[in-house]
Each structure stands twice: as C-alpha cells, then as structure tokens.
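Undergrad: Here are the chains, one letter per residue:
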Amino acid sequence: MKTKWPIQLLVYAIIALGALSFLFPFVYMILTSFIKGAYSLPRPKEVFSVVPDLYNYKLVWSKNNFARYFLNSSVVTLVAMTGSLFLGCLTAYGFARFTFPGKEFLFRTFLLTMMIPGVINIIPQFLIVKSLGLVDTYGGLWLIYIGGGVVGSAFFLRGFFQSIPKEYEESVLIDGGGNWRIFWNIYLPQSMPAIATLAIFSFQGTWEEYFTALVIIKDEAMRTLPIALLMFNDKYATNYSWIFAASIIALLPTVLLYILFQKRFVQSGFNEGGVKG
Amino acid sequence: MPRGRLIALICMLFLAAGCGGQSIISDESSVARLNQNEKVEIEFWHTYSDEETRILEDQILPAFEKAHPDIRVRPVRQYNNAELKYTLISKASANRSPDVVRMDIAWVSEFAQSGLLLPLSDNDDFDDVTKSLQSNTGSAGYFAGAHYSLPVNMNTKVAIFSRELLEKSGLSKPPAAFQEVIELARKEGYKIGMSGLEAWKSLPYVYALGGRMTDEAYTRATGYLNGEGTVKAVELLLSLYKERLIDGAVINGGADLWEDVKTGKLLVMDDGPWFYSVFQGEELERAVRSTVAVPFFPAFGPASILGGEDLVIPRGSKYPKQAWAFMKWMIGKDAQVAMSRTGLIPTNVEAKEMKARGESFIPPFTEALEHTFLRPPVKEWSAMDKIYTGYMTQIFQGKLSAKDGLTKAAAEIDLLLAG
Chain A
1 MKTKWPIQLL VYAIIALGAL SFLFPFVYMI LTSFIKGAYS LPRPKEVFSV
51 VPDLYNYKLV WSKNNFARYF LNSSVVTLVA MTGSLFLGCL TAYGFARFTF
101 PGKEFLFRTF LLTMMIPGVI NIIPQFLIVK SLGLVDTYGG LWLIYIGGGV
151 VGSAFFLRGF FQSIPKEYEE SVLIDGGGNW RIFWNIYLPQ SMPAIATLAI
201 FSFQGTWEEY FTALVIIKDE AMRTLPIALL MFNDKYATNY SWIFAASIIA
251 LLPTVLLYIL FQKRFVQSGF NEGGVKG
Chain B
1 MPRGRLIALI CMLFLAAGCG GQSIISDESS VARLNQNEKV EIEFWHTYSD
51 EETRILEDQI LPAFEKAHPD IRVRPVRQYN NAELKYTLIS KASANRSPDV
101 VRMDIAWVSE FAQSGLLLPL SDNDDFDDVT KSLQSNTGSA GYFAGAHYSL
151 PVNMNTKVAI FSRELLEKSG LSKPPAAFQE VIELARKEGY KIGMSGLEAW
201 KSLPYVYALG GRMTDEAYTR ATGYLNGEGT VKAVELLLSL YKERLIDGAV
251 INGGADLWED VKTGKLLVMD DGPWFYSVFQ GEELERAVRS TVAVPFFPAF
301 GPASILGGED LVIPRGSKYP KQAWAFMKWM IGKDAQVAMS RTGLIPTNVE
351 AKEMKARGES FIPPFTEALE HTFLRPPVKE WSAMDKIYTG YMTQIFQGKL
401 SAKDGLTKAA AEIDLLLAG
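Residue numbers (full-length UniProt numbering), protein chains in the order written: chain A, 1 to 277; chain B, 1 to 419.
The set of hints was computed from the structure by calculation and includes no laboratory data. Hints are all accurate, no fakes.
No farther apart than 30 Å at their CA atoms in a straight line, the calculated lysine-lysine pairs in the DSS-like style are these:
id : chain 1 : residue 1 : chain 2 : residue 2
1  : B       : K187      : B       : K399
2  : A       : K166      : A       : K263
3  : A       : K235      : B       : K201
4  : A       : K235      : A       : K218
5  : B       : K39       : B       : K91
6  : B       : K131      : A       : K235
7  : B       : K265      : A       : K45
8  : A       : K235      : B       : K91
9  : B       : K168      : A       : K45
10 : A       : K235      : B       : K379
11 : B       : K39       : B       : K318
12 : B       : K386      : A       : K235
13 : B       : K408      : B       : K85
Just the calculated beta-carbon pair ranges, DEER-fashion:
id : chain 1 : residue 1 : chain 2 : residue 2 : range
14 : B       : D334      : A       : M115      : 55 to 61 Å
15 : A       : G18       : B       : K187      : 47 to 53 Å
16 : B       : A217      : A       : D53       : 52 to 58 Å
17 : A       : N121      : B       : S132      : 47 to 53 Å
18 : B       : S93       : A       : W180      : 48 to 54 Å
If you want the ones that stay clear, here's a sample from chain A, every Cβ over 12 Å from chain B, calculated:
id : residue
19 : F34
20 : L54
21 : G94
22 : T99
23 : T113
24 : N121
25 : R158
26 : V172
27 : A250
28 : L251
29 : F261
Just so you know, even glycine gets a beta-carbon here, dropped at the ideal spot from N, CA and C.
Chain A with its partners taken away, still in its complex shape (with noise of 0.2 Å):
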C-alpha cells in the first residue's frame, strides 16, 4: 500500500529537522571560526553575516606549536591504529579459529578489562612504562594505546570472523596454504568492513586522546594535539573563533577518514555467494 503524500511530508519534515537539529552546532562552529575576535560567543546574527575567509586558519596553524603539534598526533595516531589493528585482528583470529586451554577464561578476562574505565588504569600503566623506561618517549604511547585497542578490536572482530564460513580455509589448506596464508587471504579481505569501522574508531580514540598523553608525554616538543587545542583557552581572554577554527583543523583528518571508508562501514551479506549450495 502506498504511503499517503501528508503522511510522508511529515514524516520527511521530522527527519529533516532531526537533521538540522544535528547540523546546527556543527555550522555555527564552522561560522564561528570565520569571526575576527570573538572574546565571547557571538551572537547568531554576527555569525550568519559572517564572510568566510580563512584568516584564523592560518593564523591558528601558526600559533601554540599547532602545526608541529598536529605531525606529532598523525604520528602517533597512524602508528597506535595501525598496530592495534595488526595485533587485533591476529588475535581476534587467534580468539575465533583456535582451540586451546582456557581460551573463553582468557576472552572474559580480556572484556572485563574493557569494563575498567581508562583513568582507573592511569596510575598502574604509568608505573609499567615507567620502569620500561619508556616515559616522555612514543614507544610508551603506543604500548598503551595499541594495548589498550588490541583488546576492544579482538572482542568486535571474533565474532565476525566466525562468521566466515570454514569452507574458505579448508579450500586454502586443500591448495596447500597455511593458517598465515588463511589469515591474510581469506579472513583479512573478508572482514575489511569491520576493520575499516575500526580503523575509525582507533583513529578518532588516539587523536583525540588527551589523558594518558599528558601523563607519559613531558616534553614540550613530544606534545600532541589535544593539548595545543587547550592552548588556545587562554586564562584572561579566550578568542573563540581560534578555538573553534583549531578544533576544525583537528577534525578534517577524521572527517576525511570517514569520507574514505563510508562506502567499506559493516555490511551484511559481505561474503555471501562464497560457498556452493
């Protein structure tokens, strides 16, 4: 039966203003960092008169370490996600195909440390890199942030590597292929919707991570992103139109991450059509 026009006009007017309610901040933020000076948040109509320019961008790249800042974070960022993306996905491999003793102790005892909230860890994970030696050096960043995603990516990918059927391998070892070559050729390029979910996931927790990189990190130089964004709120006078066109800047790499992968996000029926009969 077909839907009555005045029921979808509304039901397409709801979605829409669901959709403005979201948008809203997001383009007053945008509109926001054009503003020359704003000491206080400006008023809607200072905002929607606004013309765009990219004067604060430039002049915020320059400003606070930013642009040295923003290396450091990629560095740190593509590193932490490549890797516990590595180490995820062979454990998760590892978790999904294996059999071995106390295989579904150890998975509980790695989702209850999932259930741990991040700050509790702080003080334990600091003393370990600590006496590794790894302070204010990005091998204890990485240690902490591919250690920590390792779990998480295990625990999301398990249950979609179970889900690939066992033919796949057993065609493998029947050409002679081994568990790498299973791995890499068949659960790797099957499972690539759930990882690039995850490669998201892993890159926005690490770039936009603040916490733990305070503690370890000390050097001045050795900073990352999140903490040059609070350089901008300055003790006196904070100019918001900086913070706002710096926070922007910081969101590119994750937006355009989001762009890249969209069309790769969790999707059904992925591997179907694999299998005979």
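Let chain A serve as the given structure and place chain B on it in line with the hints.
TA: Frame of chain A, contents of chain B only:
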C-alpha cells in the same frame, strides 16, 4: 626454518635487547661527575601565552644565558588550569619540582602556607631586589615573617564605561561614586555588566559599595562578610538584578559584555587590561574610542582587585641559587619592558611607567594598581571562593536572603580560617 632454530633466534633477540646500554640512573643530569662542566640547567614552568612565550624564548632567555654562561634555562609552557595546580602540589610534595614556576597570585598563599615553596627573603639581596617593584604587589607571598614570591606581572579590573551612553547623559567623564552610577542606570534604564558571582568577578562591586570579606588580618569573616556594609551592598546589587539592570548572565554567563559596552548597550562593565590588549589596529582603536576606563570607585577604600602572576621556587628545586638569579633577571627592567610589549603590566616600577606612557589604555590600570585589595591570602582561599560563590548564587536565585546567605557563608568561612 626448523622450529628449534626459530626458538633459538627469538631467544637471541631477547638477550640482545640486554645490550641496549640502558642506564640504571633515571636522571643522569643530576648525578655529579668527575671533571663536570659547571653549567646547570634550571627548569622554568610558565603559563605565558603564545606571543609572550615567543618573547621569553627569543629575547629574555638568550640575554639571560649570555649574562650567566653557567646557567641554562629550560622553559616549559603549561596550560593554566586546576590540573596544573595539583601537578605542582604533587611535584613539590615529592621534591621533584621544576626550579622556577610562574603561578597565579591567587595560588601563592596556598603553596607558601602548605610549606611547598622556598622562602626568597633568605637571599641576602632580597630587599634590594624588591625595591624596584611596586610595593603593594608582594603581599600575597608573605607568610610567617618570610616572603615566598616575586611578582612578575600584575593586573586589576577597572570600570569600563560606554562613551556613547555617558555622552548621551550629558556627562564628560564617568561618575565618581558607584552610587551615582546606579542612580544614572536607574534613571535612564542603562544596564550594568557584572560578569559573574565568583570573588574575582563580584568582589570589586561589593567593595566599591562598602562591603568587606574578612578582617584586615584575614582571620574572621563573621562581622565583615555578613556585616552591615556587605549586606547592604549585596542587597543593592540584588535589587539591580531584579530590576533587570544587571543582566541574568550574572548567574548563567553567556553575555557578550565586551561588544555590548562598545556598542552602547551597557553603561559599565569591569575587566582587565586584556579588554584592550588582545586587539590590534582598528579593533584596538575602536575599543579605546568607544569606552572610558576608570579605577573601581574607591569611596570605601581600595576596590580594585589585585591579580597577576608571581615567580616562586618550589620545594624540591635542585638549583635554588640559580633559580633566584633567573627570577631577578625576570623582574629586571629590560626583561619587564620586553614582556610588557605583549600587554602584560610590569611590576618593575620603571618599566611600568614606560608602559603607561607608551599605551593610551594603560594609565587607568596603573592608577588602579596603586590602591588594590587582595583576595584573602590564606591557604584556604580556593575553598573560601567556592563557599562565597555558592551562597551568592543562592541569594541571586532568591533561595536565601542576602543577610541569611552571607551569614551562613561567613560561618563556614570562619570554620575554614580557624582550621
């Protein structure tokens, strides 16, 4: 590869890691060595802004290191928030502090009275050094017969009037007393831009109307915070709030007071020198052109609240002697003049006068800084501010009368001060 060889290879890799030559000494710079170079490095934590940091690193530090070839300064810029305060407290408690810290004047008493700072007045030349500074700025760091801080820059808030509204009312300059300002606001329906109820934001108004927070020795609030003068002052502010002559933003925040006073929507507001100094060129001219700044009305004694930053040597500093040499450099005329170009007001009198001559908007601030009052320089100040703000909010929300709210606040503050 056979499994045995693989295991052997992995074992070798692990053992090879032991050859990495990692030192068992965690901080090698602090270990004395034979034939050691005499150069020492001091760590300086500060919260200077981007522009101020540039002047510090490009001008002041190279000049200092040239004059003191045996000292190197490692500046570390920090973000100013409560986290920094707790980090400094824990570092000083564990004797692992930086050598010099530039901190908010409001934190100094808490640090000094908790035994976390080294006394500066133990240095023989302390009196000579402080002679060059504005005399009323050093009192925040005075405790039990010793001085613990060196003021490096100072500020205060002044009353900033809308030139347009003053001219409209036929006035060539702002009224001399706050009572007259209120009369003018009531007569013409002009608004007063009080920005909040925290001590830093509301005490200048309360003091200008005859209120007080504690006795002069900062030992008692009862009889002062709930004294007749303060109750009357708060009741007057409250009635202005009810008449909508003080904006609702005083409780909720969110008003654009800067723009409102420039465009003639507000008669008067309060702020520090950054009201002007963050702008350049046409925007600065506009701010100067559209406003008239005067010190907060001193009819009942000083009503200008003292703010700024002090230099301190935390407990645990490894090189207090070198730290002291650096601090003296920072309050010297050259360093102070260099830093004042960013908008900071020097504590060095000579540099301050040069600054006042150079910038048209500075004189009201330097004039106000001659007669300031201090937020009570006691260890419990942060807790006191919280109590005061909490009860002031309840009073403005209509939950408590001014008399009751201030009496309760005074009783709680007395308990703190007695402890």
